[in-house]
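S.K.: So the chains spell out like this:
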Amino acid sequence: MLLDGLKKIKMKKAIMQILFYFGILMIWQISSMVLNIPEYILPSPLEIGKEISANLSLLLKHASITFFEAITGFILGTVTAIILALIMVNFKIFEVLVYPLLVMSQTTPKIAIVPFLILWFGYDLLPKIIIAAIVSFFPILVNSVKGLKSADLELLDLMKSYGATNKQVFLKVKFPYALPYIITGLKIGVAFSVIGAIVAEFVGADKGLGYLIMQGNINLDTSFMFAALVILSLLGVALYKIMSIIEKKVLYWHPSVE
Amino acid sequence: MGANTKIIEIENLKKTFLNREKKKPIKAIENINFDVNSGEFAAIVGPSGCGKTTLLKIIGGLLKPTSGSVLVRGKDAEHARQHREFGFVFQNPALLPWRTILENVYLPLEIISKDNKTANIKKAERLLKLVGLIKFKNNLPSELSGGMQQRVAIARALVFEPKFLLMDEPFSSLDEITRDKMNIELLSLWHKLKPTIVYVTHSLKEAVFLADKAVILSNRPSKVKKVVEIDLPRPRGQQIIYTRNYSRILRNIRGLLKDK
Ligand SMILES: Nc1ncnc2c1ncn2[C@@H]1O[C@H](COP(=O)(O)OP(=O)(O)OP(=O)(O)O)[C@@H](O)[C@H]1O
Ligand SMILES: [Mg+2]
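Chains as they are written, first to last, in the numbering used here: chain H, 1 to 258; chain Z, 1001 to 1260.
Hints were generated in silico from the structure; no laboratory data involved.
Beta carbons: idealized from backbone N, C-alpha and C, even for Gly.
Among these hints, one or two may not hold up.
[Claimed, not checked] The following label-pair restraints were derived from C-beta to C-beta distances: (1) H:LYS167 to Z:ILE1121: 37 to 47 Å; (2) Z:LYS1024 to H:PRO255: 33 to 43 Å; (3) H:VAL96 to Z:ILE1121: 18 to 28 Å; (4) H:TYR99 to Z:GLN1238: 50 to 60 Å.
[Claimed, not checked] Partial pick of chain Z residues on the chain H-facing surface, computed with a CB cut under 8 Å: (5) GLN1082; (6) PHE1136; (7) ARG1220.
[Unchecked claim] Pairs of lysine to aspartate or glutamate, EDC-like flavour, derived with a Cα cap of 20 Å: (8) H:LYS172 to H:GLU154; (9) H:LYS174 to Z:ASP1180; (10) H:LYS248 to Z:GLU1110.
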């Protein structure tokens, strides 16, 4: 009974969301028709839809490249961030020495280093992966460091009274306590990684959604630009959604997950 | 070991904390001396902030004193801690929110003897029966009330059969009726499992109801004001607080405290 009720509420939510976004698209479509906005300024949803279906295989091919850059960079950023966080939490001196450097590196606009990366690593995927890694790295690091320090002090005292080893304390208390923070970092990081890949593609690329948008721009093909943009947004949404699902699975116990 | 052997000896204990900037030292404990006998229920009573938690953590070998000593059977408290002789119950339950109640209770066993999971579960279930929460073994802590969570913490502290149960105001956040019930439950657990208990509280009434001996502390920096033997009969039930003896002891202690 209760579960049925919950399901109904979820269905209602989904229906409301669909109606809301459908409404917005309708308003866009109608005003674009009534006001007669030219396609090269702002294409209507129908025109964008047509553009997408006409170029679907091309769009998906390039989307898969951007996806690959973003996700590879994200994984790279995640691994280094978590390793570095572990080192920083266990060796205070490392935190004192390295943190200021890391903060400084974050205030440098990432786009400024793309030309260097292209110079060093060529025109292919590697510079994009590196940028995606760099931008997703920092939020994951900051959150992991904070999380690894957030364990309940009394639980640590209890573990001491059971004679727990450092490894046991880490696996049974510190790491699970850090998980909500780490996952928050991952959610921000995964969104950043897509931005990083696209920005790097803008600077210089011959494939990927960023490249397609630039091509659309050069050819003044606004509908095509929008089509690529829609696919790009869907890619971001999908990645975020995957992270949310993982979050719900892992943090079943956390008050933020209903 | 007989009933009246000294098992914990606390001598000239002092504890000074350095504050964050390491400038002003905070004297938490001035000078504390007292003993706890084997199998005894000892209560430490003192006003808020006087250093009770600090004292309990020093007794349990979690904190080092600035000077003085805590000896457990003639050896340093840290030695006893390393031999897992202390079960702690803190002011808040400190359960792991991602583990079920059962998993929380066998946590100490999992750390001490990793391999024997079925035996661990059996022991944990026995303790959960004793504290009356076996029905909730598969629930998460967030699904239990504060008092139930504190009972889980007690079960967890007792599951590895420590010689000492060190409790820090375990029921201070509960309402009075629940607290009285929990105290009676605690006494019956004590009769069944017979650990030596050191119980911190700020309530004189609670100390007299529960303990064989009450160590009464002054304001911070704390000293022992008085050690009072409480010779009320056992087993004690709720009705004992209406007896003449109970009021007499309470009145005596209050009188003693006023004199100073
Ligand atoms: N780690 C610490 N660093 C600095 N000062 C501390 C530390 N722990 C405790 N103190 C100080 O020592 C004093 C005694 O603290 P303690 O927690 O032992 O008191 P308490 O009697 O348990 O209080 P309550 O009844 O409120 O629990 C307090 O003034 C507190 O500020
Ligand atoms: Mg305290």
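S.K.: Quick check on Z:GLN1082 please, does its C-beta sit within 8 Å of some C-beta on chain H?
M.R.: Interface hint status for Z:GLN1082: holds (6 Å vs cutoff 8 Å).
S.K.: Against the 20 Å threshold, does the CA-CA distance of H:LYS172 and H:GLU154 hold or violate the hint?
M.R.: Holds - the C-alpha atoms of H:GLU154 and H:LYS172 are around 14 Å apart, at most 20 Å.
S.K.: Decide if the proposed pair is consistent with the structure: H:LYS174 and Z:ASP1180, CA atoms, cutoff 20 Å inclusive.
M.R.: Violated, at roughly 35 Å.
S.K.: Taking 20 Å as the top limit, are the C-alpha atoms of H:LYS248 and Z:GLU1110 close enough?
M.R.: Answer violated: H:LYS248 to Z:GLU1110 is near 26 Å, above 20 Å.
S.K.: Is the hinted range of 18 to 28 Å satisfied by the C-beta distance from H:VAL96 to Z:ILE1121?
M.R.: Distance hint for H:VAL96, Z:ILE1121 is violated at roughly 45 Å.
S.K.: Within 50 to 60 Å: is that where the Cβ-Cβ distance between H:TYR99 and Z:GLN1238 falls?
M.R.: holds (57 Å)
S.K.: Hey, does the Z:PHE1136 contact hint survive, CB to chain H under 8 Å?
M.R.: This hint is violated: Z:PHE1136 lies away from chain H, its Cβ roughly 15 Å from the closest one there, beyond 8 Å.
S.K.: Could you tell me whether the CB distance from Z:LYS1024 to H:PRO255 stays inside 33 to 43 Å?
M.R.: holds (38 Å)
S.K.: With respect to the beta-carbon atoms only, verify the hint that H:LYS167 and Z:ILE1121 lie 37 to 47 Å apart.
M.R.: violated (23 Å)
S.K.: Quick check on the hint: Z:ARG1220 CB to chain H CB, less than 8 Å?
M.R.: Cβ of Z:ARG1220 sits 21 Å from chain H, so the hint is violated.
The structure fails hints 1, 3, 6, 7, 9 and 10 (numbered hints given earlier, in ascending order).
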